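*Asks:* Chains A and B, in that order, are what the protein sequence lines are.
Per this note's numbering, residue 1 is the first one in the first sequence, and the count goes up by one each step.
Per this note's numbering, residue 1 is the first one in the second sequence, and the count goes up by one each step.
To be clear, the hints were calculated from the coordinates, so they are not data collected in a lab.
Fair warning: this is a prediction, and the values are worked out from it, not measured in the lab.
Cβ atoms here follow ideal geometry from the backbone N, Cα and C, with glycine treated the same way.
Honestly, I wouldn't trust all of these hints.
[To be verified] Below 25 Å or equal to it, Euclidean Cα-Cα: the simulated DSS-like pairs (lysine-lysine) are:
#, chain 1, residue 1, chain 2, residue 2
1, A, K92, B, K171
2, B, K48, B, K131
3, B, K136, A, K27
4, B, K171, A, K27
[As the list claims (entries may be wrong)] Beyond 10 Å from chain A on every Cβ pair, some chain B residues (computed):
#, residue
5, T123
6, K133
7, A174
Chain by chain, the residues:
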Amino acid sequence: MVETLSACHECDLLQLLPDVPGLTQAKCARCGAEMHQHQPLDHEKPLALMLAVTILFILANSFPIIAIETAGLHQSATILGAVQSLWQENMKLVAGLVLFTTLIAPGLEILALTALLVCLQFKLRPSGLRTLMRIAVRSRPWSMVEVFVMGVLVSVVKLSHLAQIYTGIALWSYGLLILLFAGAMTLVNPQALWAEIKPDE
Amino acid sequence: MNEHTFKPETAAAHGLACCTTCGELSRMPDTTSFVTCPRCQSQLYFRKPAAIERSWAYLISAYLLFGPAMMLPIMETGSLFGEQRDTIMSGILFLLGSGSWALAAIVFIASIFVPLAKLICLTYLLVTIHKGKPTKRLHRTRLYRMLEFVGRWSMLDVYVVTLLSVLVQLKGLANIYPMPGAMAFGAVVVLTMMATLSFDPRLIWDAALDQHQTIPESK
């Protein structure tokens, strides 16, 4: 049996991971952290999911997330509109934070992963593959789409006494995007991706 | 902080560094210059550089802003019936009063419980590393994992204020404006996240030493 020497990323314990076919998950013997296996990766399914996620992300940002109507007055909000209005209210820090966590970080993560999977699927080897993967890994903690959607739900409840509320295609897109992205993440093993990117360098 | 001590069975004790970006194990060259991971070209180190100091710095800043974030109003509602300023707590009480106790619970957990628990837990993790006791290491590692997972949810109230202040711009009828509390609160969320990201959970396991050996930290 072939074994790979690995270190746990959370406690640094050295251990040998057996390369068992079909084994997709291993846990650190000391602290229980997930240790990733180098298993062969199927690009097709995650790529399909990521393409759908990309389309949904564009949809979600092209339409208003919520609109309210009361006494003939109509207001709607998109992320960019919200950021712009915060900026004008002199809440530049908050505006930047909202822009970064709901648009820039998720956008970078989605685009980088999709581009990476496209390259791997069609056996393209541009020199920027490692940069793409690094962008995806680094923007991960700052991408907060699911928290934002929860924020939308809280806002809907808070406004429900005040006005008629309309949610539409953007909110549905966000919901579906979160599900499909989570699905893609279960199929994409970062360790396996890194291993695949490496050889041609 | 020129030297770290490691247990012999760790990668670091064998001169191997586990990359924090891609997880690749590589032999650390014997230099003091900037070393990059051969696989992903991120900076390579045995332990995140100045992890404890950076964590403390972010954490203390977060503590300082936590008070203002809780006390200052996060938004102002102006309507025909006068003006009302809401803090995070009064927003939760409003949700509770309107009967949505489930949402009130979510907002309470996300906006008050999680940030406060993060501050306390990070302080605990840092203090126990300073003391260097080899106790409850598994618990502490799990605690760190939980912090990484839940920290983002504190952004909830920032998004709510953002959406409300954009939507409720109904001339004459009602207007909602964001207030400085939202800024302080957003800063607390970011600072605690930075503190968590600069912390290195491997330090928890470096503490206890049976037969220890020291390895110079490479920069």
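*Asks:* If any of the earlier hints don't hold here, list their numbers in rising order.
*Replies:* 4 and 7
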